[in-house]
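Trainee: Construct the entire structure; sequences and hints are all you get.
Numbering (this note's numbering), first residue to last: 2 to 286.
Worth flagging that the hints you see were computed from the coordinates, not collected in a lab.
The structure displayed is predicted, hence computed values, not measured ones.
Glycine is no exception: its CB is placed at the ideal position from the N, C-alpha and C atoms.
Check each hint, because a few of them may be wrong.
[Claimed, not checked] Across the chosen pairs, the derived CB separations fall in these ranges:
1) Tyr-207 x Lys-239: 21 to 29 Å
2) Glu-168 x Lys-239: 26 to 34 Å
3) Asp-134 x Ser-156: 26 to 34 Å
4) Ser-230 x Asn-36: 25 to 33 Å
5) Val-13 x Asp-99: 38 to 46 Å
6) Trp-126 x Val-269: 55 to 63 Å
7) Met-2 x Ser-66: 46 to 54 Å
8) Asn-36 x Pro-263: 47 to 55 Å
9) Lys-210 x Glu-167: 19 to 27 Å
10) Glu-276 x Thr-18: 54 to 62 Å
11) Thr-214 x Asp-146: 36 to 44 Å
12) Asp-122 x Lys-93: 40 to 48 Å
[Said to hold, decoys possible] Listed below are the simulated EDC-like cross-link pairs for lysine to aspartate or glutamate, each with C-alpha atoms no more than 16 Å apart in a straight line:
13) Lys-272 x Glu-168
14) Lys-26 x Glu-147
15) Lys-152 x Glu-280
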Amino acid sequence: MIQSMTGYGKSVLQLPTKKISIELKSLNSKNLDVNARMPSMYRAKELDIRKRIAANLGRGKVDFSLYVEITGEDTSSKINKTVVNEYIKQLKEVVDGDTTELLKMAVRLPDAVTTERDDIDEEEWHAIENGIDEAISKIVAYRKDEGETLKQDFSERITTLKRLLEEVIVMDPERIDGVRARLEKGVADIKEKVDENRFEQELVYYIEKFDITEEKVRLDNHLDYFLKSLNSDDSNGKKLGFISQEIGREINTIGSKANYAPMQKLVVQMKDELEKIKEQLLNVL
Numbered sequence: 002m003i004q005s006m007t008g009y010g011k012s013v014l015q016l017p018t019k020k021i022s023i024e025l026k027s028l029n030s031k032n033l034d035v036n037a038r039m040p041s042m043y044r045a046k047e048l049d050i051r052k053r054i055a056a057n058l059g060r061g062k063v064d065f066s067l068y069v070e071i072t073g074e075d076t077s078s079k080i081n082k083t084v085v086n087e088y089i090k091q092l093k094e095v096v097d098g099d100t101t102e103l104l105k106m107a108v109r110l111p112d113a114v115t116t117e118r119d120d121i122d123e124e125e126w127h128a129i130e131n132g133i134d135e136a137i138s139k140i141v142a143y144r145k146d147e148g149e150t151l152k153q154d155f156s157e158r159i160t161t162l163k164r165l166l167e168e169v170i171v172m173d174p175e176r177i178d179g180v181r182a183r184l185e186k187g188v189a190d191i192k193e194k195v196d197e198n199r200f201e202q203e204l205v206y207y208i209e210k211f212d213i214t215e216e217k218v219r220l221d222n223h224l225d226y227f228l229k230s231l232n233s234d235d236s237n238g239k240k241l242g243f244i245s246q247e248i249g250r251e252i253n254t255i256g257s258k259a260n261y262a263p264m265q266k267l268v269v270q271m272k273d274e275l276e277k278i279k280e281q282l283l284n285v286l
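Mentor: Here is the structure:
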């Protein structure tokens, strides 16, 4: 089952003294690119978080956010009373102002408020890990839903390509007859006598240069292989991308050999469908 690289997942934890929100957003990228935002006290766990994300999401530009909202009386920020009182004392020596106004100035000065960096409680971290796993599960589910939509679109476009290929196959004998007729008419217009045997040999050689039998067979095989890979258990956007390149190569060769306007119109339609497939493949994991 293919997965999209676009996704979103969120989990919210209510702990005794704080509310923790965990968010994951992802977009398409050739490799895994994780941007992590979290309070400094959790930075020690960043490597573990990145490993957990990499193991589950594979590729994509991923934004990880961990927000903390204090809901209880516990807080890591403390007013340094000694420093604040000293600031107020010094300010009074400079200006004769209201104590409340001086206090407002003092708390904005360096070291007036200190932040205690407590070690992460193991029980709290275990709860956060479960929250991260929940957010990852949600983003994976989101990616699978998006992947199912992409799969349906790919299947329809590959079916269209197979139908156009069938039209090419049906049209091919008519194309060859047309090429032969044009060559014979060209010789007749010259009004020169030619060796019939030699002319027939040259004609066969010339027509063989426009033969697309191998291209038709290979293109049909590539289309079948694309559908087989699309329905496999794993999601491999890079593999599907390689197959689409092979499909494009065969379509281009048919177009260059066609030398027949109705067939070239079919080739243009095939190229259009393939371009739309390639655009969507950029978002497949």
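Trainee: For each hint, tell me whether it holds in the structure or not.
Mentor: Outcome of the hint check:
With their beta carbons about 41 Å apart, Tyr-207 and Lys-239 fall outside the hinted range of 21 to 29 Å. Checked against the hint of 26 to 34 Å, the C-beta distance between Glu-168 and Lys-239 comes to roughly 31 Å, which is consistent with it. Checked against the given bound of 26 to 34 Å, the beta carbons of Asp-134 and Ser-156, roughly 32 Å apart, stay inside it. Between Ser-230 and Asn-36, the C-beta spacing of about 31 Å keeps the proposed range 25 to 33 Å intact.
For Val-13 and Asp-99, the hinted distance range of 38 to 46 Å is satisfied, since their beta carbons lie about 43 Å from each other. The hinted range of 55 to 63 Å is satisfied by Trp-126 and Val-269, whose Cβ atoms lie roughly 59 Å apart. Roughly 28 Å separates the CB atoms of Met-2 and Ser-66, a value that falls outside the hinted 46 to 54 Å. Between Asn-36 and Pro-263, the C-beta spacing of about 52 Å keeps the proposed range 47 to 55 Å intact.
For Lys-210 and Glu-167, the hinted distance range of 19 to 27 Å is satisfied, since their beta carbons lie about 24 Å from each other. Separated by about 55 Å at the C-beta atoms, Glu-276 and Thr-18 satisfy the suggested range of 54 to 62 Å. Distance hint check for Thr-214 and Asp-146: the Cβ-Cβ separation is about 42 Å, which falls inside the suggested range of 36 to 44 Å. Roughly 43 Å separates the CB atoms of Asp-122 and Lys-93, a value that falls within the hinted 40 to 48 Å.
For the hint linking Lys-272 to Glu-168, the alpha-carbon distance of about 15 Å falls within 16 Å, and the restraint holds. At roughly 14 Å between alpha-carbon atoms, Lys-26 and Glu-147 fall within 16 Å of each other, so this suggested pair holds. Annotation: proposed proximity of Lys-152 to Glu-280 holds, straight-line Cα distance about 13 Å (limit 16 Å).
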